[in-house]
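Trainee: The hints should help you fit chain E onto chain S, whose structure is shown.
Number of protein chains: 2
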Amino acid sequence: MKIALAQINTTVGDLAGNTKKIINQIERAKKQGADLVVFPELAITGYPPKDLLLKKSFVLENQKRLLTIQKATSGIGVIVGYVNHYLEKRLAPFGYDIAIPPQFPNLTLTNAACLLDNQKIIGIYEKIWLPTYDVFDEKRYFEPGKEPKVFSFQNRKIGINICEDLWVSDGPITQQVKMGANLIIVISASPFFVGKWRMRKELVKKQAVVNRVPILYNNLVCGQDDLIFDGGSFGFDQQGNLIGLAKHFEEDLIIIDIDSPKLEKDVWESEEFEVFNALVLGLRDYVNKNGFSKVVLGLSGGIDSALVCALAVEALGKERVLGVTMPSPFTSETSIQDAQTLARNLEIELLNIPITEVYNSYLKTLAFTFKDTKPDVTEENIQARVRGNLLMALSNKFGYLVLSTGNKSELAVGYTTLYGDMAGGLAVISDVPKTLVYRLARYFNQKSGKEIIPPNIFIKPPSAELKPNQKDSDDLPPYEILDEILALYIEENKSREEICALGFPKDLVTAIIQRVDHNEYKRQQAPLGLKITPKAFGFGRRMPITNKFN
Amino acid sequence: MKIALAQINTTVGDLAGNTKKIINQIERAKKQGADLVVFPELAITGYPPKDLLLKKSFVLENQKRLLTIQKATSGIGVIVGYVNHYLEKRLAPFGYDIAIPPQFPNLTLTNAACLLDNQKIIGIYEKIWLPTYDVFDEKRYFEPGKEPKVFSFQNRKIGINICEDLWVSDGPITQQVKMGANLIIVISASPFFVGKWRMRKELVKKQAVVNRVPILYNNLVCGQDDLIFDGGSFGFDQQGNLIGLAKHFEEDLIIIDIDSPKLEKDVWESEEFEVFNALVLGLRDYVNKNGFSKVVLGLSGGIDSALVCALAVEALGKERVLGVTMPSPFTSETSIQDAQTLARNLEIELLNIPITEVYNSYLKTLAFTFKDTKPDVTEENIQARVRGNLLMALSNKFGYLVLSTGNKSELAVGYTTLYGDMAGGLAVISDVPKTLVYRLARYFNQKSGKEIIPPNIFIKPPSAELKPNQKDSDDLPPYEILDEILALYIEENKSREEICALGFPKDLVTAIIQRVDHNEYKRQQAPLGLKITPKAFGFGRRMPITNKFN
Chain S
1 MKIALAQINT TVGDLAGNTK KIINQIERAK KQGADLVVFP ELAITGYPPK DLLLKKSFVL
61 ENQKRLLTIQ KATSGIGVIV GYVNHYLEKR LAPFGYDIAI PPQFPNLTLT NAACLLDNQK
121 IIGIYEKIWL PTYDVFDEKR YFEPGKEPKV FSFQNRKIGI NICEDLWVSD GPITQQVKMG
181 ANLIIVISAS PFFVGKWRMR KELVKKQAVV NRVPILYNNL VCGQDDLIFD GGSFGFDQQG
241 NLIGLAKHFE EDLIIIDIDS PKLEKDVWES EEFEVFNALV LGLRDYVNKN GFSKVVLGLS
301 GGIDSALVCA LAVEALGKER VLGVTMPSPF TSETSIQDAQ TLARNLEIEL LNIPITEVYN
361 SYLKTLAFTF KDTKPDVTEE NIQARVRGNL LMALSNKFGY LVLSTGNKSE LAVGYTTLYG
421 DMAGGLAVIS DVPKTLVYRL ARYFNQKSGK EIIPPNIFIK PPSAELKPNQ KDSDDLPPYE
481 ILDEILALYI EENKSREEIC ALGFPKDLVT AIIQRVDHNE YKRQQAPLGL KITPKAFGFG
541 RRMPITNKFN
Chain E
1 MKIALAQINT TVGDLAGNTK KIINQIERAK KQGADLVVFP ELAITGYPPK DLLLKKSFVL
61 ENQKRLLTIQ KATSGIGVIV GYVNHYLEKR LAPFGYDIAI PPQFPNLTLT NAACLLDNQK
121 IIGIYEKIWL PTYDVFDEKR YFEPGKEPKV FSFQNRKIGI NICEDLWVSD GPITQQVKMG
181 ANLIIVISAS PFFVGKWRMR KELVKKQAVV NRVPILYNNL VCGQDDLIFD GGSFGFDQQG
241 NLIGLAKHFE EDLIIIDIDS PKLEKDVWES EEFEVFNALV LGLRDYVNKN GFSKVVLGLS
301 GGIDSALVCA LAVEALGKER VLGVTMPSPF TSETSIQDAQ TLARNLEIEL LNIPITEVYN
361 SYLKTLAFTF KDTKPDVTEE NIQARVRGNL LMALSNKFGY LVLSTGNKSE LAVGYTTLYG
421 DMAGGLAVIS DVPKTLVYRL ARYFNQKSGK EIIPPNIFIK PPSAELKPNQ KDSDDLPPYE
481 ILDEILALYI EENKSREEIC ALGFPKDLVT AIIQRVDHNE YKRQQAPLGL KITPKAFGFG
541 RRMPITNKFN
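Protein sequence lines, in the order shown, are assigned to chains S and E. Its first residue numbered 1, the first sequence is counted upward by one per residue in the UniProt record's numbering. Its first residue numbered 1, the second sequence is counted upward by one per residue in the UniProt record's numbering.
No lab work stands behind these hints: they were computed from the structure. Just so you know, these numbers come straight off a predicted model, no measurement behind them. Please note: incorrect hints may appear among the correct ones.
As the list claims (entries may be wrong) - Simulated crosslink set (DSS-like; lysine-lysine; CA at most 27 Å straight-line):
1. K55(S) x K506(E)
2. K364(E) x K364(S)
3. K548(S) x K506(E)
4. K20(E) x K548(S)
5. K506(S) x K56(E)
6. K21(S) x K2(S)
As the list claims (entries may be wrong) - From the derived model, a few chain E residues whose C-beta atoms are all more than 10 Å from chain S:
7. T11
8. Q63
9. K364
10. Q524
Even for Gly, the Cβ is constructed at its ideal location relative to N, Cα and C.
Bound conformation, chain S alone (with noise of 0.2 Å):
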């Protein structure tokens, strides 16, 4: 039996659209001889819908679009993700008698994958264990599937799994095998952090051989807002061979023999190559699928935006990014030339717009307000929001996207710009650490075959700019020891106490920490950021602003 892993780029909401692709692929399937084909988690949806789940017409359309990829299956199976639902309402409590509850769905809705064959539906299984922890709200969604199920196709016993199902060990593959199934199928939308594929390799690999089963692994691949999913599907026979793999980060449709596997040769680039293709993956589905011509993002000279213009240019192509210089009388004359050997290299269109004038028009319309108070950081920030706000007008004017430039290390502690550097409708690295974002801009470098981030912007020490002779090590101790630290406190989150008992500085640890702390209602105002690790600012993270502890 001939198994195809059609790893798609669905799009939230857009019920049409993924249907077509899905219709696309079983035909593009059936022509390749293909006797099932799979498809991923919530694949008419997209993943994941969020709030829209809560709209009676979204999940009725849904169902709708269910139907006719029904008739596009003659001479074929299909399995495909897409929300279920049930007439009869949630349980409602009590006092909602009273009011209309507009925060309940109308509906009780479950995480599905149909089996199809030939027109006709074979089953329904429903995700039994629904996420509810970091970027996860399912069970805000979904009640649970309540029981594992095996469905007969061809000469197989199938078991379907959903995606959080199969990292659960005793979880339903055990009992679909105890039931007789002989093949394992999962769909999945699998958000990416680095270091997730093997993870999920390893847990696919150990799953086949505890069980005795070979499994197949479909996984989305787009970027979704600030997620992405990583694609890279693929297969184990019950002895832990590989048996198939998809493409990492691009659409591919891939066929498995079930009955004669053929063995795949595993890969693994680098840790670079991974955040790099996953970033631009999801910069190029968030411009593309918000209908954005073209980005704009300033230039300052630094490292971190140059990765960001890099990752631009490689995820759009140079006619689409805009860079702008926009210096001030504290921007070094290296700066202004690092900023535009990278343009030249990139080939990117480079603006030049000083900001002097414009400082200096605040300075003086607030000189009376200020009269006697001392320059500080409310002077380096108004540079910062100049520079926000000539990026916003560029967007506003041209229709452009302003990518944000920001690192995770400096998001993490507040050195950064509410309005100012922080405008924008994409933080692309606002998850990568500084540490890394040199990392990367090597890789693309060394990827490149030149020099295209020049090497000065490499070897300079990191500085704002934003008053004289400004170093970020005036304020921040060296990113190794920073990125360690933070790393420590929000990705693995650790205690005070803990990180110092590994040999940090208890002075130190206690100011990175107060600062993340106290930065709470910054990030909360940031853009989109694009997810790299196993825990992002954003929505994975909920921290309350008015926060006393500690």
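Mentor: Using the frame of chain S, we list chain E on its own:
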């Protein structure tokens, strides 16, 4: 038996401060002869603690505070909300054997109430119904309690409920009464929206009568970020008579003699009273708990900023509010006069910082880049952003909190400038529709017994004054109609077809819905806004930005 309902104002994360407050109230209740004193849901941690619950140190310290409280209960009974924990880990997915799971707490948690008496623990009740809709995320953190319980205390059998438990028909109350309970005590942290207090009372009354049992309901009173907890605790006897009523929107300690209760008169003021006082509480607590000495806001001469200014003076006193007029060439003389009159009437300090020079310097700086273009919304946004920058400069220089003054109607349709009038630390009326803004302003004048908000502000047509002769009605339908359609779409979650079926023109409804959907990206960068309707923009409304549904 005399039962005290201690309606206290807690702060999230302030374990020491909340504990101290609890112990003070225990002492006070003892002095007043109470046998039992009741505190709100999660009184030790504050509500909602959000991802602080993923910190083991937070959970363990909360447990230590319970022991401190236990020691303070000599000669009295106490019911207090806290986080209970179990040392065994939450069931961890299989795959996480491979990588450390930062997103999983390392303890199993429940949302619990401890009944203490004379320094002994009598019993622990764990919340069974965990809300996971709108602003609630309780299944993200807690395991549900397994059983309703009944505890003996003096001459009574007490069933404890925690918040959502109460709202379930045939839920814990019914079971507890079957188990012999003759008194129900509900501890709660029930966020305000207009009309919710009446809903709660109706509900408790109904539960009391249906289950033939007296119910005492203690609610939290505080502002916590976007949420307002409005207090107004009460009791009903088993005939549905009101037997206790605490203050609305402030701390209180009331004592109910459950064996011979006094009947209370129900009071109901008005929606305006509710919303006005809720906003005052939310504003005051946000400012004070985050340690700001003063707030600053732009006064345009319009109704929105006038209302926010009045609310700020009510919440903080006139000395802690700074108004700023920032006229441009498009600002009318009457606008400046109206703002000055308002400031004079409220007796607040008023700065005048004209933006014309800064605005012109932007135009000059962008003249070359914009040379072949016509003026459009870009130039309007520049003005709004100059004002945002000036307010932020005052914030940075003097440490004041910027209040943004946009209302829900304009935020919904994007009639607002990101980083401009949306800039600030707290969006005081971002959940208040424009028509309600007028009603609240009128209420404020009535309650003040004079026209503090000048009559002209009510009369003149709303205008952003960002270009000559601009009026809101150039771009928007009349607010009476807009607000009706917005309420149907956002608060009642109705589809376009359902709204049209109520008689609104299809083109208008379509255009408004498109504007609401399209402006999601702006709202996700908005400051925290105080929630006063069943569905505010913010944490309780989770929409994708990349969204092709329609």
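Trainee: Going through the numbered hints above, which ones does this structure break? Give me the numbers in ascending order.
Mentor: Numbers 3, 7, 9 and 10 - these are the hints that the structure violates, sorted from lowest upward.
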